[in-house]
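Model the full structure from these sequences, guided by the hints.
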Amino acid sequence: MPSMLQDTGFDARIGVYVCHCGLNIAGVVDVEAVRESARFLEGVVVVRDNRYTCSEVGQKGIADDIKEFMLNRVVIASCSPRLHEKTFRTLLEKSGLNPHLLEMANIREHCSWVHYDNHEAATEKAKGLVHSSVARARLLQPLSRTKGRVVPEVMVVGGGVAGISASLYLGGMGIKTYLVEREPSIGGHMAMLDKTFPTLDCSLCILSPKMVEVAECENIKVLSYSEIEKVEGQVGDFRVQVRRKPRYVNEEKCVGCGDCVAKCPVKVKDDFNRNMGTRKAIYIPFPQAIPPAYVIDDQNCRYLTQGKCKICQAVCERGAIEYDQTSYVETIEVGAIIVATGFQPYDPRGLPQYGYGRFPNVITSLDFERLICADGPTYGKLKRPGDSQVPKRVAFIQCVGSRSVASGCRGYGLDAETGSSVGATDPKAYCSRVCCMITAKQAFMVKEKYPDAEVYVYYIDMRTAGKGFEEFYQRGRHEGIVFLRGKPGEIEERDDGCLRIISEDLDSGCILDLCFDMVVLAQGLTPPDGLVEFAQKMNLSRSEDGFLMEGHPKLRPAETAIDGIYLAGCVQFPKDIPDSVAQAGAAAAAAAVTCSKESIEIDPLGPVIDEALCIGCKLCEMLCPYGAIKVELTDKGPKAKSIEVACKGCGVCGASCSTRAITMKHYTDSQLTAQAKAILEVV
Amino acid sequence: MSQQAMDDMNQAEHVLGIEQAQGLGHALGTESLIETEHGIDKEKAFRDEQAIEPGKAFEPVIVGFLCNWCSYAGADLAGTSRLSYPTNLRVIRVMCSGRVDPGLMLEPFLRGADGVMVLGCHPADCHYLTGNYQAEQRVFCVRAVLEHLGIESGRLYLDWVSASEGARFAELVMEFAHQVKRLGPIGGRESREGLPLPEFMRRVQVAKRVTEGEKFRWLVGRRKALLEEENVYKEQLPGRRFHDLMSFVVVEECLRAAIELLTEEGPMSVKDMAETLGVSARKVLEHTAYLKKFGFLELHDVIGCSPRYVSLKHRLSKGERQEGFCLMSL
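Those protein sequences? They're chains A and B, same order as listed. Quick note: the first sequence uses this note's numbering, first residue 1, plus one each step. Quick note: the second sequence uses this note's numbering, first residue 684, plus one each step.
To be clear, the hints were calculated from the coordinates, so they are not data collected in a lab. Cβ coordinates follow ideal geometry from the N, Cα and C atoms, glycine included. Zero decoy hints are in this set.
Listed next, with one range per pair, are the computed distances between beta-carbon atoms:
| id | chain 1 | residue 1 | chain 2 | residue 2 | range |
| --- | --- | --- | --- | --- | --- |
| 1 | A | Asp-563 | B | Glu-897 | 36 to 42 Å |
| 2 | A | Glu-333 | B | Glu-858 | 44 to 50 Å |
| 3 | A | Ala-33 | B | Gly-949 | 42 to 48 Å |
| 4 | B | Leu-909 | A | Thr-326 | 37 to 43 Å |
Shown next as structure tokens:
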């Protein structure tokens, strides 16, 4: 029985497999030489090279060798273990070996792909990496995985169209789902749009039935006006602390009659309408809001700020107003989390040359959506903010905040002082994907409503890759929208409020000096506010562009590097509504897979404590970030004890232990030392 | 004690005092590790470039300890993006930079590495919350030991690379390879330290012993908390005091480790040891007495009127003594 040989009492019998990976490795590294250099290493029984080790043929070869040569350790020199460790561990398990008896040498990502200009040195390096892996493999120990429980419930963070869709998929599968939304109502940015491209569907008309479905689905619990405070645990068993902000209105009792709004004496700017209209201090963001309950804005409510008023309480027949509500933290246990926190539109004040914020008639594309929406501050009349006149000449400027290579993407990092993300208003290097079509749609809508209006679009490239997109764009051209290739450098405001744009038309080579009544800036999409802190809470990585990083750019677009946490919508990268919905489906399916399991196997990477050496100094206890190691009094004095369920296996305790009494499973001191020794054997 | 001996002792202490000031004190005087890392002496660098003869380029060997979640992933991204960087680096994967034991950081030097890199997640981004901060403390303190022993602390490097920073990873490897190139190979005439290779190795061995010692490890582990948190009396330990304490521990521990190593190679008298190590006989005697008391050393024989001591390990191994051990008499 091969499994008998795993016992460390037996000598290691190692099989070494060097992968060509087609020409990915073999094109640079002399695979045969690497193979031969491993042949006579201690414990090596068989060495082979494969064209593709991960292929079925390659895997079968290893499985056969394990039987034939009674292998009890396998070294695979190929791609990154982050890619295929799972594949080969499964193979070992199927062949009767403990999955932890596998060691991989990364000779592709860390060698052939980065040393393509020096074949000789790359080969020597590959040899060193293989030697190091063999040295470690000799000392590998079989480990038994612990089983973790699975809570068959999912939390979806973010109630935009992606979060709504994911929740509906999950709810439909019978999985209990918590939908957490920061704002008083779900709906997200889609609820703010008037129409959607390229079909010109009314945005809220197609979204609100889904929102109602969410409210009616008995498997979905909407936690609106709530934010994630803390996340603990691991796949299958997360404990999420959700801060519930006070609405001051009892959601159960409120029927949305609106009596309170009519009587509320405080008028403030309406942030849902992009500060262009007003609302009361007690309000509902939009008529179709879910949950359909009012909320009191505690920054502006007269009673909550000055201590007198209470008019709304007096008029509410159902007694739904509760001034004494306070924020509280609710802890929810879930098995998987879907992050769908969306995006934030780029703030064009970062580009002062366009005068947004200074010139009233320069607006953003989202402002435009509210202006032209029948529910908006102007009831659908396109009145420019400056003087409430309907503009006759409208210009759209593309790529505002996107594709600004010159300014570049400041990218990753934290502000040392505030801890917030650096350069939120810095223009981004990437293409925001949706703005071309948003502009095409909005230009079309202007033409549709005001056929006499002149509409100009300043663009760099029109990117209309999508079903029906190009056709829609061409239709706009036929309607008489003028597309000018060239990005204006500056907008000037004339005394009469008109906006002058001088730019070069790259197609004709002419300098155009044109005046407009209104300019719409096609703002790009940027990572949402507070994503840096959120990512830290969830332990997620962000890409260079600041959005959350997917598990694999091609094959795991809806997953993250953390098992049990999935992505949907624009929080991963800007995308349009159908793509967001599709990704939400993928994330929901992935989360459902996790929830369908009875238990989850957790890698046993915890500490091993040598009680004879431990002096109970508590250093490990003080340094463990998870409280997973505690000093307890035993009959031999105080000794450290590991708490397996809490341990994540980072190894801080092992590397800090004052008497070196602690080592880590699978990354033992002797394994790492052996690796460090062997890695320089071939220089 | 004769007047002569007293003078010798004073002088030796004086020498040690200077060394402390130049070596260890200097290393510990700099508050932030990161600052020293990036503060590359331009003038010095230029001089070194001039010194390297064309055609005789030295290619350093570097071992990197990369954390699985950020820097290893960043290195993978450098691969998938086909970003070329020097072949000098060989990577060992650990789950967290906080797993890298101080002793493990020195192990590669004993195997001939010219530089060691520890790369972790960016501050506040650690997959394990605080592992990278611990790595920072350790690298800081190990560098102090190296400085004290006359080894360039620039050979040990710590930085942060996120999973999305493939380009940054390639850049860091290139920079560090350059830095190590300037420091030269370990041991030999071309090295910045100017130590013969066996002597270099011995010093690393001493450093490794120190980093494996209880006192040192306790201080490293508590450093962050002691410097950043208040005690129950709402007092905070002044940085200077911690540094003084650390300097003291490093000096003493290095000496003890050196005595251990010497006596492992063969029996030696206190006087000979003091001479070899360039420290006062009284200091050596203090440590010898301690080591004897706790059973690390035993009396071997008495030649003339000087007793010779030997490590218990020596009796077990009977290893042959090698020449040229001149620790700390730089």
